[in-house]
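Residue numbers (my numbering), protein chains in the order written: chain A, 1 to 278; chain B, 1 to 278; chain C, 1 to 278; chain D, 1 to 278.
Because the hints were derived from the structure by calculation, they are not lab data. Source: prediction; values computed, not measured. Take these hints with a grain of salt, some might be off.
To be verified - DEER-style ranges, computed between Cβ atoms:
#	chain 1	residue 1	chain 2	residue 2	range
1	B	Pro21	A	Ala136	30 to 36 Å
2	B	Pro245	D	Leu158	41 to 47 Å
3	A	Asp175	B	Pro199	31 to 37 Å
4	D	Arg198	C	Asp10	19 to 25 Å
5	D	Ser54	B	Ser267	35 to 41 Å
6	C	Glu244	B	Asp125	36 to 42 Å
7	C	Pro157	B	Gly22	33 to 39 Å
8	D	Leu158	C	Ser191	46 to 52 Å
9	C	Gly196	B	Ser15	55 to 61 Å
As the list claims (entries may be wrong) - In silico DSS-like links for lysine-lysine, alpha-carbon gap of 25 Å or less:
#	chain 1	residue 1	chain 2	residue 2
10	D	Lys142	D	Lys121
11	C	Lys121	C	Lys142
12	C	Lys254	A	Lys254
13	D	Lys254	B	Lys254
14	A	Lys121	A	Lys142
15	B	Lys142	B	Lys121
Just so you know, even glycine gets a beta-carbon here, dropped at the ideal spot from N, CA and C.
The residues making up each chain are set out below.
There are 4 protein chains.
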Amino acid sequence: MSDRAQEAADWWATSITDIEPGEIRLRGYPIEELIGAVSFPQMIWLMVRGELPSEDEARLLELTLVAAVDHGPQAPSIAAARMAVSCGLALNNAMATGVNLLGDVHGGAGQQCMGILQELKTAVDQGESPTTAARALVAAYKDRGTFLPGFGHRFHPLDPRRDPLMHAVERAARDGVVEGHYLEVALALESVLAEGSRPIPMNIDGATATIYAELGLAPELARGLFVLSRSVGLLAHAREQQLEPTRIKGPLPKSIPATYTGTPPRSVPHTSPTDGHP
Amino acid sequence: MSDRAQEAADWWATSITDIEPGEIRLRGYPIEELIGAVSFPQMIWLMVRGELPSEDEARLLELTLVAAVDHGPQAPSIAAARMAVSCGLALNNAMATGVNLLGDVHGGAGQQCMGILQELKTAVDQGESPTTAARALVAAYKDRGTFLPGFGHRFHPLDPRRDPLMHAVERAARDGVVEGHYLEVALALESVLAEGSRPIPMNIDGATATIYAELGLAPELARGLFVLSRSVGLLAHAREQQLEPTRIKGPLPKSIPATYTGTPPRSVPHTSPTDGHP
Amino acid sequence: MSDRAQEAADWWATSITDIEPGEIRLRGYPIEELIGAVSFPQMIWLMVRGELPSEDEARLLELTLVAAVDHGPQAPSIAAARMAVSCGLALNNAMATGVNLLGDVHGGAGQQCMGILQELKTAVDQGESPTTAARALVAAYKDRGTFLPGFGHRFHPLDPRRDPLMHAVERAARDGVVEGHYLEVALALESVLAEGSRPIPMNIDGATATIYAELGLAPELARGLFVLSRSVGLLAHAREQQLEPTRIKGPLPKSIPATYTGTPPRSVPHTSPTDGHP
Amino acid sequence: MSDRAQEAADWWATSITDIEPGEIRLRGYPIEELIGAVSFPQMIWLMVRGELPSEDEARLLELTLVAAVDHGPQAPSIAAARMAVSCGLALNNAMATGVNLLGDVHGGAGQQCMGILQELKTAVDQGESPTTAARALVAAYKDRGTFLPGFGHRFHPLDPRRDPLMHAVERAARDGVVEGHYLEVALALESVLAEGSRPIPMNIDGATATIYAELGLAPELARGLFVLSRSVGLLAHAREQQLEPTRIKGPLPKSIPATYTGTPPRSVPHTSPTDGHP
Numbered sequence: 001m002s003d004r005a006q007e008a009a010d011w012w013a014t015s016i017t018d019i020e021p022g023e024i025r026l027r028g029y030p031i032e033e034l035i036g037a038v039s040f041p042q043m044i045w046l047m048v049r050g051e052l053p054s055e056d057e058a059r060l061l062e063l064t065l066v067a068a069v070d071h072g073p074q075a076p077s078i079a080a081a082r083m084a085v086s087c088g089l090a091l092n093n094a095m096a097t098g099v100n101l102l103g104d105v106h107g108g109a110g111q112q113c114m115g116i117l118q119e120l121k122t123a124v125d126q127g128e129s130p131t132t133a134a135r136a137l138v139a140a141y142k143d144r145g146t147f148l149p150g151f152g153h154r155f156h157p158l159d160p161r162r163d164p165l166m167h168a169v170e171r172a173a174r175d176g177v178v179e180g181h182y183l184e185v186a187l188a189l190e191s192v193l194a195e196g197s198r199p200i201p202m203n204i205d206g207a208t209a210t211i212y213a214e215l216g217l218a219p220e221l222a223r224g225l226f227v228l229s230r231s232v233g234l235l236a237h238a239r240e241q242q243l244e245p246t247r248i249k250g251p252l253p254k255s256i257p258a259t260y261t262g263t264p265p266r267s268v269p270h271t272s273p274t275d276g277h278p
Numbered sequence: 001m002s003d004r005a006q007e008a009a010d011w012w013a014t015s016i017t018d019i020e021p022g023e024i025r026l027r028g029y030p031i032e033e034l035i036g037a038v039s040f041p042q043m044i045w046l047m048v049r050g051e052l053p054s055e056d057e058a059r060l061l062e063l064t065l066v067a068a069v070d071h072g073p074q075a076p077s078i079a080a081a082r083m084a085v086s087c088g089l090a091l092n093n094a095m096a097t098g099v100n101l102l103g104d105v106h107g108g109a110g111q112q113c114m115g116i117l118q119e120l121k122t123a124v125d126q127g128e129s130p131t132t133a134a135r136a137l138v139a140a141y142k143d144r145g146t147f148l149p150g151f152g153h154r155f156h157p158l159d160p161r162r163d164p165l166m167h168a169v170e171r172a173a174r175d176g177v178v179e180g181h182y183l184e185v186a187l188a189l190e191s192v193l194a195e196g197s198r199p200i201p202m203n204i205d206g207a208t209a210t211i212y213a214e215l216g217l218a219p220e221l222a223r224g225l226f227v228l229s230r231s232v233g234l235l236a237h238a239r240e241q242q243l244e245p246t247r248i249k250g251p252l253p254k255s256i257p258a259t260y261t262g263t264p265p266r267s268v269p270h271t272s273p274t275d276g277h278p
Numbered sequence: 001m002s003d004r005a006q007e008a009a010d011w012w013a014t015s016i017t018d019i020e021p022g023e024i025r026l027r028g029y030p031i032e033e034l035i036g037a038v039s040f041p042q043m044i045w046l047m048v049r050g051e052l053p054s055e056d057e058a059r060l061l062e063l064t065l066v067a068a069v070d071h072g073p074q075a076p077s078i079a080a081a082r083m084a085v086s087c088g089l090a091l092n093n094a095m096a097t098g099v100n101l102l103g104d105v106h107g108g109a110g111q112q113c114m115g116i117l118q119e120l121k122t123a124v125d126q127g128e129s130p131t132t133a134a135r136a137l138v139a140a141y142k143d144r145g146t147f148l149p150g151f152g153h154r155f156h157p158l159d160p161r162r163d164p165l166m167h168a169v170e171r172a173a174r175d176g177v178v179e180g181h182y183l184e185v186a187l188a189l190e191s192v193l194a195e196g197s198r199p200i201p202m203n204i205d206g207a208t209a210t211i212y213a214e215l216g217l218a219p220e221l222a223r224g225l226f227v228l229s230r231s232v233g234l235l236a237h238a239r240e241q242q243l244e245p246t247r248i249k250g251p252l253p254k255s256i257p258a259t260y261t262g263t264p265p266r267s268v269p270h271t272s273p274t275d276g277h278p
Numbered sequence: 001m002s003d004r005a006q007e008a009a010d011w012w013a014t015s016i017t018d019i020e021p022g023e024i025r026l027r028g029y030p031i032e033e034l035i036g037a038v039s040f041p042q043m044i045w046l047m048v049r050g051e052l053p054s055e056d057e058a059r060l061l062e063l064t065l066v067a068a069v070d071h072g073p074q075a076p077s078i079a080a081a082r083m084a085v086s087c088g089l090a091l092n093n094a095m096a097t098g099v100n101l102l103g104d105v106h107g108g109a110g111q112q113c114m115g116i117l118q119e120l121k122t123a124v125d126q127g128e129s130p131t132t133a134a135r136a137l138v139a140a141y142k143d144r145g146t147f148l149p150g151f152g153h154r155f156h157p158l159d160p161r162r163d164p165l166m167h168a169v170e171r172a173a174r175d176g177v178v179e180g181h182y183l184e185v186a187l188a189l190e191s192v193l194a195e196g197s198r199p200i201p202m203n204i205d206g207a208t209a210t211i212y213a214e215l216g217l218a219p220e221l222a223r224g225l226f227v228l229s230r231s232v233g234l235l236a237h238a239r240e241q242q243l244e245p246t247r248i249k250g251p252l253p254k255s256i257p258a259t260y261t262g263t264p265p266r267s268v269p270h271t272s273p274t275d276g277h278p
């Protein structure tokens, strides 16, 4: 290949997938060997990390993927996907619409919570106690008046997904599958948040972040794995919507018009700004 | 609730997910019971179909999810997701960009192939032999000059994902896990396509469509499940791109400018069309 | 350049834009001459059609771009964009979310209506009267029980955008700016639809389609130009939402939970399907 | 309306658009009065700002909308939109794909540059000279080793869009249409950047940011207005692609395979990690 053609080939260089006629190798493994030998969660791990996980590691990952599939049509991502279908979009376009909405606020909380757990663990590694480190962090968040990502839920007093996930990571730490350092600071943080008048228990994002931190995943992947999981809910809801007759489904039924709060009725000025144009 | 408020609640009615403070039930099952009890593929099946699959059924589904995760950065969906990351987008927005591209041509072949298998099975149910039905169908496609979705691959002479998937569904038919009627017509169709000068073997879309048809899935779901699988590759590639410094990554390196084939250089006319405007 | 590098350059060949260091030519015109010399609607026309329009043509196009900018937050595209902002997305991602929803049903009506006008004009060119052709078409739609795209509005008895658009194209036909053949069949179709018990007047999609057909645009562009226009509303609403504090804005306020219509509460079976897995 | 239904109506409150059967008012003006009376740029201004602009203001805005429509298929947004079409997507879905990519790096430079101009103006308002303020800012960027948004272009030594835009805002300042304070700091910044060994002239994002700052627009709108303008290029390129036969267009022709840089070929381990699963 000429230098420039080689430059084009290198422009799209990847360490993930190697394709030749009749061959597909993912992270070095031939696809025909992977099919049937690895589970879907193991394949996900292999693809994003480069090596196969142990069965115990894959099981922890699988719990988080199962846990986050859906929270109903009142989530904006699900609602947007359903509206998309009612506008005539195919399932892939509807799912893309929903995935797009899993941003900093709706899907990024796990990623942000992993950053917090890292921060706390660093403080502990430098000699602070988990509780002291957690108290300092909570105080800083109270000063800024911002949410602590991974804790509290606007709908659930106690997120029902917290316990099964946290019990699993506690077992994994006890069995030596993971080291438990992030678990320790996560629980310390939850305890500090329970000291106030109203406890703010860990939610699914916090529990998932604890597991992902223990598994050594980069924070950005917390968001990515959440997208994989919630895509299941997006597909289920988009498909349900496909079977309904509603066209151009807005957020409210026609009987409830959106409130208008703007400038009262007025006429376009005859002379002036726009006179004679276009 | 008032009639109108009830109408708003009903506007977003769903049979998938029921949420109350402290409770999340998916298809009737409490989420805290599902976590740890069902695999991710079982959860996917439950969400899109409403009931839990048998282990054998879940295993077939899992094979297809593992098989389709990636085909490298030369696929436009993967390339678009990588370019999105280089433009500063978060992983969810990059994955959405890629998912959006899995349309009629790039992700919809499985869905279309399921329609074909259904058509063939109907003919067989009405008394035709699989081979006769397949010959008629192939002739019709040749007349129209269009691709037969699920067969042939522009890159692989033999798609390496065909055999492990087809062998699995053949075993499942032998063991009575599935009935094998769609398998029969799919193989008949492949045989007919091998009668010509150049055989056109089944590709991953065809093999997956055969499995999905045997599992009783609606054709639309073939596309949706492909999206779930390929989202894994999208995540892996988008994450790999995040670790590279390239900004605003176009399809070609700067050294290779796109060819221009349009109107030669010319000047905007001084008088007329646009005279005096704006 | 080597053959292969040239192949890469040709892979992205275009007749629209030619870029060299220090130079940008659009359809042959240097960008520095276009800026200040052409209006935004003229630039749109130049880009999608290759040549500059006359002022009269640009004016007709501009009317349609002004007319379609918004129809309020009850449109699913606008609602989805606002929800996207509340999930932390930037304006471009929110606008993309809304644009994605302008599909066959929500944004494609103009495109479909242009197909109908073409069909009617062909019948007239072959000797039928406009009214006869329109009656046959309406009868066919009634038989199929489908909407006639471009006519009727689920909210407005008379779409207030119809008259200013149709009066403009009537003037243009009278002044010889356009030929008026599509106008003739569009009005014939509207008359036929007024013969029933309830008139079904032209809506904005129908009026716009008439103008675009008279201007000689391809039907696909009707959807594309509608996207350009509605993007203005998407931007305005997304920006308004940015100034509000709501986070993760679902379609309904928390006080109105979505109705659940699915399987009653049940427990995950202890034995079987999923026993021992994962 | 009941309290809860009213709450639903208020959930979607807006000050932009008021719809009643037969009536559409935008920012208070009836749509039928706006059509024909205002230009498309005036409509854009009205929608995003709430009031009609003067003709001089609308003209400045129009220049920026004309200037940014396209920079060819080597831009990732344009390439992604073209690839989307080749995957079978409709124009709206292809345009959405491209718009999604106009993120912090590809479309957000104007927004960031407006922040810089604001920072400089604040320093000048507090008594610093424009040059001193600009020198401090450039030094800070050099220390951080980051790009100064709005200046320099990876392709053009001098961006041909700079001069017509900057000359227009200079004229506008001279004629009293705008005050010229942001123009002053922008030019000071460009002069400071010319002091080094290699001048780094203003690019289109910088010139546009100067105009938008003079017009009093919020920085977020710089990105939004760029999206409106570039959507024209997206439409033109997506439409051009629709007329080509390429299916599933990847970034490179098939003759140039992406370089693989990962793990060499290996086999899936027979025992262990994945043993017996699934």
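Query raised in the report: Regarding the pair lysine 142 of chain D and lysine 121 of chain D, is the alpha-carbon distance no greater than 25 Å?
Result: holds, 20 Å
*Take the C-alpha atoms of lysine 254 of chain D and lysine 254 of chain B, compute the straight-line distance between them, and say whether it is at most 25 Å.*
holds, 19 Å
Against the range 41 to 47 Å, how does the distance between the Cβ atoms of proline 245 of chain B and leucine 158 of chain D compare: consistent or not?
violated, 26 Å
_Outcome for the supplied range 46 to 52 Å, where the beta carbon pair is leucine 158 of chain D and serine 191 of chain C_ = violated, 59 Å
Worksheet item: Given the hint that lysine 142 of chain B pairs with lysine 121 of chain B, does the C-alpha gap stay at or below 25 Å?
Response: With a Cα-Cα distance of about 20 Å, the restraint between lysine 142 of chain B and lysine 121 of chain B holds, given a limit of 25 Å.
**Message:** Is 55 to 61 Å respected by the C-beta to C-beta distance linking glycine 196 of chain C and serine 15 of chain B?
**Reply:** Since glycine 196 of chain C and serine 15 of chain B have Cβ atoms about 38 Å apart, the given range 55 to 61 Å is violated.
request  = Using the beta carbons of aspartate 175 of chain A and proline 199 of chain B, state whether their distance is inside 31 to 37 Å or not.
outcome  = Since the Cβ atoms of aspartate 175 of chain A and proline 199 of chain B sit about 52 Å apart, the hinted range of 31 to 37 Å is violated.
At the C-beta level, are arginine 198 of chain D and aspartate 10 of chain C separated by a distance inside 19 to 25 Å? violated, 33 Å
**Request:** For glutamate 244 of chain C and aspartate 125 of chain B, compare the CB-CB distance with the range 36 to 42 Å and indicate the outcome.
**Result:** This hint is violated: roughly 57 Å between Cβ atoms.
Given a hinted range of 35 to 41 Å, is it respected by the beta-carbon distance of serine 54 of chain D and serine 267 of chain B?
This hint is violated: roughly 31 Å between Cβ atoms.
Discussion item. Need the status of pair lysine 121 of chain C, lysine 142 of chain C: alpha-carbon distance at most 25 Å?
Written reply: Roughly 20 Å between the alpha carbons, so the hint for lysine 121 of chain C and lysine 142 of chain C holds.
Check your understanding: Between lysine 254 of chain C and lysine 254 of chain A, does the CA-CA distance stay at or below 25 Å?
Key -> Roughly 19 Å separates the two Cα atoms, so the pair holds.
In terms of the numbered hints stated before, the structure departs from hints 2, 3, 4, 5, 6, 7, 8, 9, listed from lowest to highest.
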